[in-house]
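Trainee: With chain U held as given, fit chain B onto it using these hints.
Protein chains in written order, with our numbering: chain U, 1 to 142; chain B, 1001 to 1512.
Worth flagging that the hints you see were computed from the coordinates, not collected in a lab.
Take every hint as true, because none was put in to throw you off.
Covered stretches of chain B, going by a simulated chain U footprint (3 or more residues, C-beta under 8 Å):
id	region
1	1139–1153
2	1187–1198
Short, incomplete list of chain U residues facing chain B, as computed with Cβ under 7 Å:
id	residue
3	Leu43
4	Thr114
5	Ile118
6	Arg124
Glycine is no exception: its CB is placed at the ideal position from the N, C-alpha and C atoms.
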Amino acid sequence: MNNTLLSLTIAILFGIGTFLILRRDIVRVIIGLGVLSHAVNLLIVSAGVFSGTKVPIITDDGGHGAAEATGSIFTDSLSQGILAPIIEAGHHVDYVDPLVQALVLTAIVISLATTAFILILAYRIYEEYGTTDIRELRRLWG
Amino acid sequence: MNLSTHIPIILIATPILVAALMILLRKQPGIQKVLSVAVSFAMLILSIILLSQVWSGGIQAYEVGEWGKYGIILVADLLSSGMVVLTSFVSFLALIYSLDYIEKKSLSASYYPLFSLLVAGLNGSFLTGDIFNLFVFFELLLLSSCGLVIANEQGGVTKSSDKMEATFKYLVLNMLSSIVMLIAVSSLYATTGTLNMADISVKLSAMSAAGTLPWYVFAIALMFVVVFGNKAAIFPLHYWLPDVHPTAPSPISAMLSGVLIKVGAYGMLRVFFLIFIDTLDIFKPVIMYLALATIVVGAISAVAQTDVKRLLAYSSVSQIGYVFLGISFGSIYGITAALVYLVNHAVAKSMLFLTSGGIIHHAGTRDMRKMGGMVDSAPLMSLMFLVGAMSIAGMPPLGGFIAKLSLFDAGIGEQYYFAIGIALFFAIFTLFYMFRAMLLMFWGEKRDVEKYGEYSHHGTSVLMAVPIVVLALTVVAFGIYAEPLITLANATAHQILDPQPYIDAVLVRVVR
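Only chain U is shown next, with the shape it has when bound in the complex:
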């Protein structure tokens, strides 16, 4: 149920973003890019390999207890054909996938930088051209 709702949200956000970047107004294009990047952020979160509710801090020290604590295998064994990380069959995992959250943080920071840059650029374009209509930006055509 949750996953269906999440997928629907992602789909709607992609739709809104695509609609907005096809507009003629520069500012709407930029807002559309922002909406699209948030849709992608949600998509990354939904792409987690395992999902649960617990914080992914494994308190069991020694490192070798990790497998018992999470039900996952973290060590490769190429001779046996085991390619980590693998969750044992039938084992329910209580932990959240920490990697996707790190990825989303990185993606958010990057989209912050690009959005800041493109907003300033849009302002300067408005100053130079006196319009935010993207069809008026045609001095380079030819």
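Mentor: Chain B only, in chain U's frame:
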């Protein structure tokens, strides 16, 4: 601590550190100048050392933070270290050139830090072995190159409103492509549970061997075609390039056309021949037809241009098509030819853009119709332009001839007669538009142009002439003594087509 094992991380971390230092030192242009040139030269030496280490000692994998395959891994194989050498070489010369070319104020305030970041982004995307990290370095490249396109050159030949319009187009298209890349990366992660390229490769080939390769892997591969095609400006995605490359200052045009669009070709080689080997049967023809369309569109558009840098930019579009044509053959000889072509085009096209910078400063305009008779007033520039134009057009004895010869020979050996026919026909177009530019600019009567000669001290400035001459000598050397380059490209092609050593270098030793 043995320094020589840490070269991959030094090549990425040093430019980032230098970029931060440059901002602090913006009141001392003298120190900035010495430091940036010294660091750039040190990077060139280090990258050559890295290439020789990889050549003699095999693939190097460097764990950042010792997290094994779960952390970020830098991998230096022949392809990555060769591309890093190319980057360092072109960026060192472009940096020396820009000392005299870029406006002083813009140089110390923003140019040095952004240039360092651009180099860091290039080195990072070539060296990383982690696909999300590749995305991060792509964004670093994108933002720093946007800033550099806006930087001012002396003489004010390009209006700043033109720069903004071009940058807006570039930024929007590349933000869209990075969104596509994120979708592809997260889908790959959801499929395989890892972001390490070697690990993804092992898992996808295990799935393929078990017959459970999901259908959406093909969709993910298509998304990567879009992403790298957008970076390299292949046919349906090339519209931003002829606006951005001419409006950038000439040393930045040289970096963009010489190295930055090659990132797309590198990504295609890395991702398709390492991760999506099983989808190659479907995507090879796709890439081939896109490459042919790129060659045709670029060559035809270049014929009609009157702006010298716009002509060179369309020529870049056409030439990257040849590189992708070689990649799409998928054979050892085809990839060897593509790599030789890539290196030759990088050197020759950077040289042409640097030369065009000298020319437009001499004439005070970018319009070729307003130039003429420059063979008398700027003899060095016209000689250098001749060398570059002949290399791009594929005339012996220059590097471009060897590249085109091996590419066509590979195609005929693989019996792609149709593709080679089109490529050969449009190689004649290359000859035509390059020599049309030569005739317009250097021969004929000297036109009466207002600014003619106002910036002539830039046309002959030593700092601007030396990089051009060095690049020209390299072009000639690649033509006359091509043996080492072809040997290196051949070994690289063997490594690309047999990814097992790469996978072993990353995975086998990092079991923790």
